[in-house]
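> Now for the letters of each chain:
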Amino acid sequence: MVERASENLDIVIAGVGGQGTVLASKLLAQAALLEGRMVRTAETIGMAQRGGSVLGHVRIGQAHAPHAPHAPHAPHAPHSSHAPLSPLVPQRTADVLIGFEPAETVRALGYLRDGGTVVTALQVLEPVSATLNGLPYDGNAEIAWLRALAAAPTGRRLGTLVTVDGAALCAELGSTRVLNVILLGAALSTGSIQLAPASLTRALRALIKPTYVTLNERALRRGMEATS
Amino acid sequence: MTDRRAAMSTPLTLCMGNQALAFGALKAGVAVVSGYPGTPSSEILETIAEQVGLHHLVELHVEWSTNEKAALEVGVGAAFAGARALVTMKQVGLNVASDALMSLPYLGVKGGLVLIVADDPGPISSQTEQDTRQFAAFAKVPVFDPATPEEAFAMVQDAFDLSERYATPVIVRPVTRVCHGTVPLDTDFVPTPRKASGFERGARWVVFPQRAFEGHREILERLPLIASEFSTSTFNTVSDTNPNAPAHLGIAAGGISYAYLHDALAALERRDADGFANGGDSRGAGGGLHGLGPLRLLKIGTPFPFPEARALEFLEGLSEVLVFEELEPVIERELLQLVGAHRLPTRILGKLTGHTVAAGENSVARIAEQLGAFCAVPASPQPIDVTPTNALAGAATGAGATTGAGAAGASAGAAAGAAATGAGGGDATTGASATPAPPELPPRPPVLCAGCPHRASFTAVKRALRGRKAVFGGDIGCYTLGNALPLDMVDTCLCMGAGFTIPQGMDRVEPDVCHLGFVGDSTFFASSLTGVVNAVYNRSRVTLCVLDNATTAMTGSQPHPGTGTRVCTGEALQSPTQGATAGREAQAQGTTGTRDTAPALSIPTILRALGVEQVAQVDPFELEKATEAVRTAVDFDGPSAIVFRAPCITVAPPKPQPTVAVDTCTNCMSCIRVLGCPALIVRAQQVTIDETLCYGCGLCVNICPFDAIAAPASADSAASANSASAADSAAPADSADDGRRDG
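Quick mapping for you: the protein sequence lines, in order, are chains A and B.
Mapping of the first sequence onto the working numbering: residues 1 to 228, in sequence order.
Mapping of the second sequence onto the working numbering: residues 1 to 743, in sequence order.
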């Protein structure tokens with residue numbers, strides 16, 4: 001029962017300000033919208049974004065009402081048939097956590113539901129304070145811990161773990177700016193996100209400057225292959 | 001937006017709450033829009049400006065005003081002349097505009113006047129957790145409190161209608177999560193600003209005491225009428241979770257807390273359905289929500305004037321009511337008052353009784369927890385910390401030692417805790433021992449961007465004052481982040497404008513200490529001019545440092561009176577980058593604006609005109625000159641000023657990157673310890689420049705004691721831009737928005 005996905009799909013995106021997490025949320029939301037589903041997103045945009053930890057929340061519900069609702073309707077049981085009204089994914093309910101950086105993935109793990117899927121990039125971004133304090137941070141402990149959780153015999157805290165060598169794939173694609181789309185591709189390939197890859201491609205075309213569409217389409221495909 | 005919509009097969013567009021608010025105003029026929037940037041409100045006005053450009057709405061005026069008071073008064077003028085006017089700001093901006101706001105209801109308006117004042121529970125990007133619902137009640141102005149972006153869209157339209165019908169200003173007060181939340185919305189219409197009927201002279205527009213007395217009576221007459229109208233509004237609803245079972249317990253929720261309540265109830269019911277329901281005693285068996293029993297819900301979307309009739313309908317027959325709202329206990333107090341006045345036997349529980357959290361944001365988890373306690377059932381399989389938390393705890397103190405675990409705030413602890421207890425999937429006892437301890441995560445507080453000119457300015461001041469006792473007044477903007485180590489250059493920060501006035505007070509107490517005040521360029525125009533006049537008039541020996549980065553950076557690069565651009569003239573259709581560049585060029589050429597370019601007010605000229613005798617303008621990246629200018633200013637006998645002028649990286653292209661000469665570099669770490677630049681990292685035990693972050697400012701070249709960092713030889717401009725739309729492509733632009741007011 002714990003692993004039963006609700007009819008709603010909650011995704012949390014964790015990264016560092018500047019890594020492209022906002023676009024990743026927008027792409028998922030756009031893809032959901034294209035499939036006729038209700039979607040709500042929320043971003044950390046604020047003071048924290050200047051190189052700080054950032055979170056994106058994407059909440060995908062069932063088909064949206066044909067006429068956009070004005071006031072939120074009063075809830076009548078059964079509530080579970082309703083798409084979420086609030087923008088933030090509650091703690092321990094995210095079906096998928098997409099982490100752009102090992103420490104940020106671990107920092108956001110509290111959002112993941114038991115048995116949920118984690119897709120994380122391996123490349124670290126060393127915070128200024130860590131550099132200053134001379135504290136060692138290479139991400140190895142974070143990744144090792146995630147692997148231990150995924151392998152824990154007694155628990156299903158973490159159902160599926162996918163690690164992505166984002167830096168290598170970015171290098172292969174010739175751009176440091178496509179980590180977000182690579183990770184989306186990897187997340188799609190886990191099967192935990194019930195959105196058609198074609199919808200993501202259409203979302204790319206709707207939201208990304210034409211010059212960069214081809215690059216990002218390649219990034220999406222490469223991300224999907226990376227986990228197979 | 002229209003082009004994009006065409007590329008999709010849906011009539012709906014994803015809209016941020018701030019866009020929804022803007023489209024609501026456009027739908028209502030707004031004709032004049034003014035505001036001052038401030039997170040989380042900034043995109044409202046920008047969205048309208050974008051639509052003006054898109055549809056060539058020449059009859060719709062949009063402006064970034066100098067500050068919120070100016071913005072409100074411009075809106076008031078438009079409304080006096082019969083136009084529909086919208087004024088946008090964040091909650092602390094209302095403090096600046098409050099002089100106008102407090103008198104305005106006494107006069108009333110002719111055209112509809114709506115203020116959108118964005119509140120910031122948390123606070124996430126603000127200096128207070130003040131509650132605009134309470135401010136509205138204080139000013140006797142009706143207020144709407146949307147639960148979702150969709151509702152915000154509808155409310156703005158109703159607010160204009162109400163404003164005109166009752167000749168009163170109206171406030172709409174979204175919170176950050178509504179402003180920054182995104183939903184699909186149908187925005188496919190061409191806005192048509194309403195024709196204004198024109199100003200009609202008369203005694204009612206002049207607030208003499210006699211008029212104020214009459215105005216007060218008018219206010220007191222209309223508020224009960226509005227309250228009664230609110231009692232039948234679809235924004236205020238009463239519903240039962242089980243219409244077939246009488247409820248004895250009630251839940252009241254206002255604004256976004258209603259959305260959290262909705263989802264908490266759904267989550268609890270899902271848990272019941274999953275068989276999570278436990279042995280806890282349910283006080284009201286047989287309800288729709290098995291564990292909780294039947295509940296009656298009151299949703300409040302218009303907290304002032306309070307919809308009493310609707311609330312009385314809700315209270316009928318209830319023994320206890322739990323109230324969920326963020327910030328002040330506004331609804332709770334209204335219900336208490338009603339219960340008292342009507343001698344009802346209902347207990348009202350909430351912040352005042354310690355049943356809900358007094359500070360910070362609500363959340364689904366928090367509400368589920370408190371709801372469970374209220375209904376006497378264990379609400380949640382996992383422990384939830386109900387102590388107030390702040391998502392940015394530690395951010396203000398930056399990289400200081402105190403931030404250890406706090407920098408990334410609530411989620412860090414939650415992650416570790418939830419993971420540790422959660423391995424058993426509901427059976428915590430087996431899981432806890434089997435799961436390895438989570439690693440200690442490096443804190444990641446926000447920092448000044450790589451290439452930020454403020455880092456250079458702070459470094460110059462620091463060098464100039466080495467060995468001298470100095471205090472640095474700070475203000476509201478990106479540069480408040482100069483507080484973080486290693487810069488450590490912000491000793492005070494109170495509110496907009498105080499960056500230069502607080503040092504004046506300090507200097508009277510400790511005249512032997514050097515007192516300097518830092519303000520941004522937008523802040524300079526918004527709130528610092530009176531402080532400059534004060535220093536000149538009172539002959540204060542303080543030094544003003546204007547950090548002029550040619551934009552209002554922290555809120556997303558808005559133009560201001562010094563940029564030579566406006567949000568909505570000919571250049572409105574250009575990108576912010578082009579606009580700012582055009583402005584700087586205009587200023588460099590000494591032109592004060594053409595037909596298509598706004599006048600670029602020169603800060604040094606203004607300072608001299610205000611009587612500051614010692615004024616210097618420097619490029620902070622010319623470190624030696626800048627340092628010398630600081631020494632001269634500080635030693636001047638009287639008020640002095642330095643304008644540090646270099647553009648923000650969000651409005652200037654990157655330059656070629658310097659390189660670290662591995663042979664010469666001793667890894668002494670000076671560059672890192674002095675600058676704290678995010679692009680200076682240690683990779684494989686070697687100081688390195690991160691090529692994805694470096695903006696090529698070259699500051700580190702000047703800092704290295706061994707000359708091991710070399711400026712680039714050739715101009716091989718870097719950085720292929722990302723994928724995305726402008727708002728998302730460049731590193732800092734991902735932040736498109738940000739911060740507190742100013743820059």
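These are calculated hints, taken from the structure and not from any lab test.
Positions of the beta carbon are idealized from the N, C-alpha and C atoms, including for glycine.
Hints are not guaranteed to be accurate.
Pair ranges (Cβ atoms, derived) [what the hints assert, rightly or not]:
#1 B:505 / A:168: 53 to 61 Å
#2 A:136 / B:55: 54 to 62 Å
#3 B:628 / A:135: 46 to 54 Å
#4 A:135 / B:229: 42 to 50 Å
Which residues of chain A face chain B? A partial, calculated answer using Cβ under 10 Å [said to hold, decoys possible]:
#5 16
#6 26
#7 106
#8 125
#9 142
> Hint residue 26 of chain A vs chain B: min CB-CB distance below 10 Å?
holds (7 Å)
> Taking 10 Å as the limit, does the beta-carbon of residue 106 of chain A come near enough to a beta-carbon in chain B?
Nearest chain B Cβ about 6 Å off; hint holds.
> Cβ-Cβ distance between residue 135 of chain A and residue 229 of chain B: within 42 to 50 Å?
violated (60 Å)
> Classify the hint on residue 142 of chain A as holds or violated, based on whether any CB of chain B lies nearer than 10 Å to its CB.
Result: holds, 5 Å to nearest chain B Cβ.
> Starting from the hint 53 to 61 Å, judge whether the C-beta atoms of residue 505 of chain B and residue 168 of chain A obey it.
holds (57 Å)
> The hint names residue 125 of chain A as touching chain B; please verify it with the least Cβ-Cβ distance against 10 Å.
holds (8 Å)
> Given residue 16 of chain A as an interface hint, is the shortest Cβ-Cβ distance to chain B below 10 Å?
holds (7 Å)
> When you take the CB atoms of residue 136 of chain A and residue 55 of chain B, is the distance between them in 54 to 62 Å?
holds (56 Å)
> Taking 46 to 54 Å as the hint, is the beta-carbon distance of residue 628 of chain B and residue 135 of chain A inside that range?
violated (37 Å)
In this structure, the hints that do not hold are numbers 3, 4, in rising order.
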